[in-house]
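Each chain, written out:
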Amino acid sequence: MINASLKELSAALAARRISSVELTRTYLERIERLNGELNAFITVDPDQSLALAAGADLRIARGDHAPLTGIPVAHKDIYCTKGWLTTCGSRMLANFTSPYDAHVIERFGAAGAVILGKTNMDEFAMGSSNETSFYGPVMNPWDRAFVPGGSSGGSACAVAARLAPAATATDTGGSIRQPAALTGITGLKPTYGVVSRYGMIAFASSLDQGGPMGRSAEDVAMLLNVMAGFDERDSTSLQREGEDYTRDLDRPWDGASTASPLQEGSRKPLRGLRIGIPKEHFGEGLSPDVAQAIEASLAQFEALGAKRVQISLPNSGLSVPAYYVIAPAEASSNLSRFDGVRYGYRAPVSEYRDLLDMYCKTRAQGFGAEVKRRILIGTYVLSHGYYDAYYLKAQRIRRLIAQDFVEAFKTCDVVMGPASPTVAFMIGAKASNPVQMYLNDIYTIPANLAGLPAMSIPCGFGDSKLPVGLHIVGNYFSEARMLALAHQYQRATDWHLRVPAGV
Amino acid sequence: MSLSLEEVKRIAHLARIEVSEAEAVQTQGQLNDIFGLIESMRAVDTEGIAPMSHAQDLMLRLREDAVTESDQHPLFQSVAPQVEDGLYLVPKVIE
Amino acid sequence: MEWETVIGLEIHAQLSTTSKMFSGASTQFGAAPNAQACAVDIALPGVLPVANRGAVERAIRFGLAVNGNSTHNINRRSIFARKNYFYPDLPKGYQISQYELPIVQGGAVNIVLKDGEKTVHLTRAHLEEDAGKSLHEDFHGLSGIDLNRAGTPLLEIVSDPDMRSSEEAVAYARAVHSLVRWIDICDGNMQEGSFRCDANVSVRRPGAPLGTRREIKNLNSFRFLQQAIEYEAKWQIETLQDGGTIHQSTVLFDPDTGETRAMRSKEDAHDYRYFPDPDLLPLVVSEEWLERVRGGLPELPQAKRERYARDYGLSAYDAGLLTQSRETAAYFEDMAGRLGTGAAKVCANWVSMDLAAALNRDNLDIAQSAVSSAQLAGLVARIRDNTLSGKMARELFDAMWKGEAASADELIEKKGLKQISDSGALEAIVDQVIAANPKSVEEYRAGKEKAFNALVGQAMKATRGKGNPAQINEILKKKLAG
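Chains as they are written, first to last, in the numbering used here: chain A, 1 to 503; chain B, 1 to 95; chain C, 1 to 482.
Next up, chain A with everything else stripped away, as it sits in the complex (with noise of 0.2 Å):
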């Protein structure tokens, strides 16, 4: 049942063949075992699960089920969640059970899906490695001495491990698509405005998106199907027409947009495909195990019958000073509402004076060094004398970050490179230098900048046999499309199959 895919788990639930309770139960058991060891939970609540599994099963029997009624699903713990405790792994809310659910999770709840926890995460999404969380360090489930990623690194664990089947995470600067290539699942980031932000802790709200993970395109895509959709409770989100994501797995990539799915056998699906590479994002400071696995999989894609273009993203190298000005500016800002007084943490009353003080204290032992640093950095540069230097001057870079994407997309349909810069490193190793931390999101930054989709598949292993993800970028909206190539990648290869030992 582990290694099902989502179809296959919904045919069973359809067919009756599994029960959602059975299915759950046998997730809650995993979590229980192995939780200890990995960290990728912080909340368990087998009650309420397991209560919405029997709810799902009910609607199964009625005749009335979605694609992913009685699946578990695990949620980012930035997901408001009604009724859970929702901590955005941080102690400022270490204490706050929402009291209402995001518009994510009632997406899932209207499909039937069962909520199978809270996974862990970088404190308020800003890491590269899962190590800022108030509830300590989720582990790589490949070498638990290493890192998953981040933010989302306790949903990419959870996945990978197999302790959910499938999994929601958000990305602001890379924070689905670089954990996703370090477990070796598959991760995908929208085009900005395609998942609701209303009641997804903000981070940088002009970055921010939600997006799947799961163990394989064909997964994520269904996934995104719940997701996916207009809010009008979220000023940003688009109002388009709905779309199925799963549409095009089956399309031969040049014949796409007529009506033939693809003949079973036929060796060159992706004909047609023109995979740019950015010659920036192969210089120095990729890995050579990385690299090597990036080009076997390039050559992979050309056996499938993509060609390869050159192209050039001449501001890439701008966009990690940029981000880090936008994101911390933006989250400064979004953070000054955990003041202690409305919910969440407030320090304790023999610590302050008055309410200076108690504002003090309570974000000071409230939020992590991190999340501390970034909204230093954030307050200073959008302060008086600074913003156009700093603020201003890194919107103007973000333009042109996105036209370079514009540029790329008139000479191919996709721009393919590494995810991350190296493959997992160990536990601690990068913890006391921000700067180091930072150049982590080095080719996943840009598409969060420009608005863009992207994803990462897994690929291959580097060193220490660790995973190695390949990052996809495509146009804006062009999410299935993207989900189809990355499908016809995983019909032809097994690394998405792969599991972990020991787990």
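These are computed hints drawn from the structure, not numbers from a lab.
On a predicted model such as this, the values are computed, not experimentally measured, just so you know.
Hints may contain errors.
Pairwise CB distance ranges (calculated) [unchecked claim]:
#1 B/S20 - A/I18: 50 to 58 Å
#2 B/I94 - C/P209: 30 to 38 Å
#3 B/P74 - A/R247: 15 to 23 Å
We treat Cβ as the ideally placed atom computed from N, Cα and C, and that holds for glycine.
Assemble chains B and C onto chain A, guided by the hints.
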């Protein structure tokens, strides 16, 4: 761009985060490293480039003027640190 | 004049929408604490703002109203920005406002003063959300926060520093107050906090550059506005004369002592770190929308005043009194419509004097008047056709006010009050009065004007007040001359 210790303390105050002397020194070092990273972008010529605040060039959607929310304050206040008579309590606000 | 006072006003008008600026919670006044503060208003983690079309429409109406109905001062594209600061009644730790690009840029308001008119220019008007309330009642040494008001839409109206006295400032504030009610964007209820004034006051020697200003916050009555400005100006002048300096600061007015004093928070409180709100997109208003709003606006006070002067020959002063509210103007226009242009002055007088006095005395709005415009027109008609004297009309008005009859004619019938205008009857009476008062006649012929009035008085008495005074005057003069 190099932050002085005074500036670190000023920003910490603006952000309402208490920093001890030792923390201020350590933070100063780390912030200055981060600013080192950021500096590279300042040298780039962006003359004539408009700032980009959103991915799509769209306009704000407006909501019809209607009451759609009901009173949920007991639920919302169940997670509050200190509440009395329906009011959130905080140390006295002095003008 | 040794010193010149320079005043600019920032007025916060709560817009009369049913729901909040960025959420669907109710804006109704007087609810139990936090009963109207929804998830968005209390800034729960993860919530987001969605802008209220009704608030934007009201801002557009205002922009048109202060620009003679032209849309030149309305920015087709404006931006919501975050104003960041920490305060318990500000749940997000920032207020969503507009900074570099407000929806309304420029405009003007005409004010009528004792000695003439003046134009006060507006710098801008922008949309923003209100904060909650801190109740300082002691909850064992703590403050209580009520967020019902948090998120209510505000239009912040900023004037240029064009005013030079508390009189001008109050006249401007009243004019804006009248205007926002006129165009139905704000109920103007100052006791409920719907209309609040902040005054920026500085002093200088005439011709010198602007002095440092201090901002007096949250004045919620015209009387306090006047007192506060006068005290502050005096204080600043005395301070400067004593060799002191004025520091830019925020200041509160204490109504009990009549004094202003600086607030304790200072220095960095002013680094608001404004930046465009990334949760909202640019606010764009289409030409169609602007035209629709313009088409739906009532005739504005200024236009009405000009029309009254042109068509009715009314003075600026009279026109000003009649256009203090749409209801008053409508009342007057209804009367003038029934009685004709020639009656306009009389109608104006009745509305702004007798009617106003009665309304004032009984603490009523014109909408609650005991005498309708139709009824009052009926009364004035009887003055104009000489059925009633002015004095009698006033008595009838009081009777109608008390509800003794539904129309003037009804009362005239009932009380047999028709004014005696029959010249035959009046001549007879005048003859009798002349005969009965030889002393007065003699004194009049000797040059004493007062004696004439005495004779008129006698004639009025003889007609039991019903004589037409103008006619009596004429007849008496004729008879005494001849």
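So, going through the hints one by one against the coordinates:
1. The hinted window of 50 to 58 Å between B/S20 and A/I18 holds, with their beta carbons roughly 56 Å apart.
2. Range check, B/I94 to C/P209: Cβ separation about 35 Å, and the 30 to 38 Å hint holds.
3. For the pair B/P74 and A/R247, the supplied restraint of 15 to 23 Å is violated, since their beta-carbon distance comes to about 46 Å.
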